[in-house]
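K.L.:
Build the full structure now, drawing on both the sequences and the hints.
Okay, here's what each chain looks like letter by letter:
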Amino acid sequence: MSGRSFIIQGLIIFIALVFSIRLFSIQVLNDEYKLAAQNNILQKIVDYPFRGLIYDRDGKLMVYNTPVYDLMVVPKEVDLADSVEIMSLLEIDHKTFEAKYQKARRYSSILASKFDEQIPNEMFARIQDKLVNYSGFYVLPRTVRGYQNNILSNTLGYVGEINRSQLRRDTSGYYKSGDYIGITGIEKQYEDKLRGKRGIRYKIVNVQGVVKGEFQDGEYDTASVPGQSIQLTIDTELQTYAEKLLKGKVAGLVALDPKTGEILAMVSSPSYNPDLLSGRDLGKNFSGIQNDSLKPLFNRPLQATYPPGSMFKTVQALIAMQENQLRPTERVMCEGNLIGDHAPPGIYDVERAIQLSSNNYFFKVFKRIIEQGVHESRYIDSRIGLKKWNEHMSNFGLGHRLGVDIPNEQSGYIPDIQFYDRVYGVNRWAFSNIYSLSIGQGEVLVTPLQMANLGAILANRGHYYTPHIVKAIDDQGVVEPTLNNVGIDDKYFDSVLDGMEKVVREGSAVRAFVPNLDICGKTSTVENPHGMDHSGFMGFAPKDDPKIAIAVYVENAGWGGRAAASTASLVMEKYINGEISRQWLEDFVLEGDFLDARQKRELEAMNKAKRVANQ
Amino acid sequence: MRNDQLIYKVDWIVVLIYLVLVFSGWLNIYAADYDPDVNQGILSFSQSSGKQLIWIASSIFLIVLIMMVDFRFYDSFAYILYGIFIFLLISVLLLGQEVSGSQSWFQIGSYKLQPSEFTKFATALALAKYLSKSTRKSGEMRSQIIGFLIFLIPLGLIILQGDLGTAMVFGSLVLVMFREGMHPLILVIGFSVAILFLGTLVLSQTILLIGIVVLTLFGVGLVAKAPSKIVVVVVAGVMAAGFVRSVDFILTDVLKPHQQQRVMQLLNPNRDPLGAGWQVTQSKIAIGSGGLTGKGYLEGTQTKFNFVPDQTTDNIFCTVGEEQGWIGSFFLVAAFTALFLRLVFLAERQKSPFAKIYGYAVVSILFFHFAFNIAMTIGLFPVIGIPLPFFSYGGSSLWTFTILLFIFLKLDAHRMQVLQRL
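If you read the protein sequences in the order shown, they are chains F and S.
The first sequence lines up with residues 1 to 615 when you count with our numbering.
The second sequence lines up with residues 1001 to 1422 when you count with our numbering.
Calculated directly from the structure, the hints in this document are not laboratory data.
Predicted model only: the values in this text are computed from it and were never measured.
Misleading hints may appear alongside valid ones.
Derived CB-CB ranges, DEER-like [claimed, not checked]:
#: 1; chain 1: S; residue 1: W1012; chain 2: F; residue 2: L11; range: 37 to 47 Å
#: 2; chain 1: S; residue 1: L1149; chain 2: F; residue 2: S5; range: 16 to 26 Å
#: 3; chain 1: F; residue 1: L11; chain 2: S; residue 2: L1149; range: 19 to 29 Å
#: 4; chain 1: F; residue 1: T96; chain 2: S; residue 2: I1195; range: 52 to 62 Å
#: 5; chain 1: S; residue 1: L1093; chain 2: F; residue 2: K95; range: 48 to 58 Å
#: 6; chain 1: F; residue 1: T222; chain 2: S; residue 2: K1112; range: 43 to 53 Å
#: 7; chain 1: S; residue 1: A1194; chain 2: F; residue 2: K103; range: 24 to 34 Å
#: 8; chain 1: F; residue 1: N39; chain 2: S; residue 2: I1195; range: 32 to 42 Å
#: 9; chain 1: F; residue 1: Q38; chain 2: S; residue 2: L1298; range: 14 to 24 Å
#: 10; chain 1: F; residue 1: F24; chain 2: S; residue 2: D1253; range: 51 to 61 Å
#: 11; chain 1: F; residue 1: D93; chain 2: S; residue 2: K1112; range: 29 to 39 Å
#: 12; chain 1: S; residue 1: E1299; chain 2: F; residue 2: N150; range: 49 to 59 Å
From the three backbone atoms N, C-alpha and C, an ideal C-beta is built for every residue, glycine too.
P.N.:
In structure tokens:
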């Protein structure tokens, strides 16, 4: 063999060596290609779980899921030659198309993003077959909330896309941009129960992205877990009726089952249609609702705070008796000159004082609580007295949140020593500075929920279950209510309850009287420096076997005995008897013309003064 | 009894390697086409593997035919066969079908035939005949020019068809010329041209021109004592500079856009992985993901799900790399290398110059296919569409390689008769 033959053989062996080494390098030494191969064929498909359903106390469906379709786009895959056809298919003009396409591209040209959110169902039906012809576009089904009735919107809350600050605050690492999350209400409070768990499936796809099978027989797949259903304590029928009564008023109403603390009805008026905040136009609708001067998004039963007014007198009487500063039948002479009063001068005991809502009586009662004579300095004595009173207030669930399972509950306000020290200076205030607290005016503020709870405390004669709206959750069954004792002896309740019964039978709330229903109640006509008084009522029924406790505030509606007492009475009757016997009262409430002749004149004078001031 | 004798004389090592390659090629064609959703058998005629079986069977028939024909036929009819195929190459240019940019196909019924494939063995025969029968020393100028022309004519015609890959195959016959005493300078010039070409793509023209001037002056210094050689060196330097200047013209006017892309792709493999670089990127991913032992037969995902284009034909090696891993790839490389070395050995033992030169032509053509096909799939060379011998799907190519190889085996089997005759 010649030398040239060896050169040729050498060349052959040389190439074989080069190939073997090169192959060893890319096949064995380099992992990059294995990853790239996986990325080629694996497609991660997220299974969004079904959000938990919400039922009322009788198991009637309130909130469900309804399918919608998002139009997704993968900008890189879009053939812009098709854009004219796509525009006509989606019925959008060139400018809109360009804007949406560029927005998607700015996010990512290879990842899918939303081109159009929640396309209308008829549009989906029209385009779903044709869409496969245009690469880069596909439809992603998802669900939004649907509502069986247009009720309880504020408390149910709504679901929306998670925003950036929520994403930042999320420590669980569960949420991703574009996910949906409960924004307010029960949807927010029980988000972790309702949302369920996302599932992830890995699919093997071919070069066109067509699914060819499961990856490793689904070994790495996780199934999506549907959200848990929640049963509320709400009575749909009662809620609907109460909302109907308060429609057109600015009002808050809470009705509780005193035996359990379950919230039977909770009305915030004005409210909004929950469907507006579910679906395609959430953003647009939201700003409309938010800019409404009557604040429909404000959940008044929990968030609005009012002075308690005369309903506070029940608490004052109980504290005074518990503090041994007042005997139930003790006769107290009231001349009626200490404080302005609608009650006539005369001799009062607890029952009569509550029945007639004597301001002068409770001025004296509160003075006894605050100035118990344990210290010779009346300033220090008042401090000691106020401290004791604060403790009682706290026991009644006032001045702090009750801990209801709905977000944004307000605590109200009960002024304490620190507050008056700030206002007047240390040891520079005494009873004379704080006497308006005696009749529930002044700095004290409560929520309608706290007052409904007060109704429950009175009904239960000294204890309450923490108000709650969730009766049961799928995985933990019935929610056990927490029992709280207010520290007032049972014996002191008789006189207060008798007085409250008389308020309804022959006192300020005669409109609330229903034969055989034994309603106990107390009206409040809350002084309002900004306009007409607020109408308030707190009570429960029946007296001996309480089934419902209630509080109602109707803003600027004048006398407590008119708007609030009538509404409360109708709601209680509806709940206990299932029907309304007094159509005239219902008509009165629905009509909403609550002011008496004198108040109307006052209102006119006020409006006139305002007009003058404005000019 | 004559057939018995033939069976004993045939080189069974080559036959065995041939059968192994064809059979594993067939299995890999099935794997490359395999779709788990449409699970058809390897014999199904709707699959490439089923059709390939027809080509394999007909190749066996061709082998028998080649073995039956008198061995002197190939020597005698070499020029006539060459003439026929040159004629076909010209006619296909005028009458043929265009498939993916190349006008190189005849449509016969539902099958397509590519005359340029068959021209390979005809050219090999003609070159062998010319070089062996030439009374002049093959080292002489005139004989060399005619030798070059024998394969440069089909090469030119095939370039005209637009099939640069197949055309380049004919260039491999330079190796035969080299073996038969061609001046090594031609190879040196060839390599210099290739290096200058790549250099022009990578470096700026100015740097290259300065380099050429420096090298020329250095060369002049080396041969300063022989004035005639100074002229040669200077002429070479000027030609090199002219070549560099004209590469730009070659790039933009001679190479087609997709060929330019492929050259640029090799220089920067990460450029445009979803466009021009798709094939190289994906074939490397497929082979690279095979690992040491591979994913297992029919378990390859990249080829099965069509990430690699032309996976049954030009990129069949990807299926081997992915499913059989480095070990399988190594065996494939080893099998081909063994085949080539055995063929070189057989060529060297020929008594007749015709058989010997033809043997080298067979080695050159097969080796060129092997080397450039694999180099292309593993990203060592720009993508040129040439098949992997015996492996790739396709009747024309399998027939051509079979004919090419078995004519040589036939000649080899009769090597002693040549002596007797003399």
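K.L.:
Looking at the structure, which of the earlier hints fail to hold?
P.N.:
The structure breaks hints 1, 7, 10 and 11; every other hint is satisfied.
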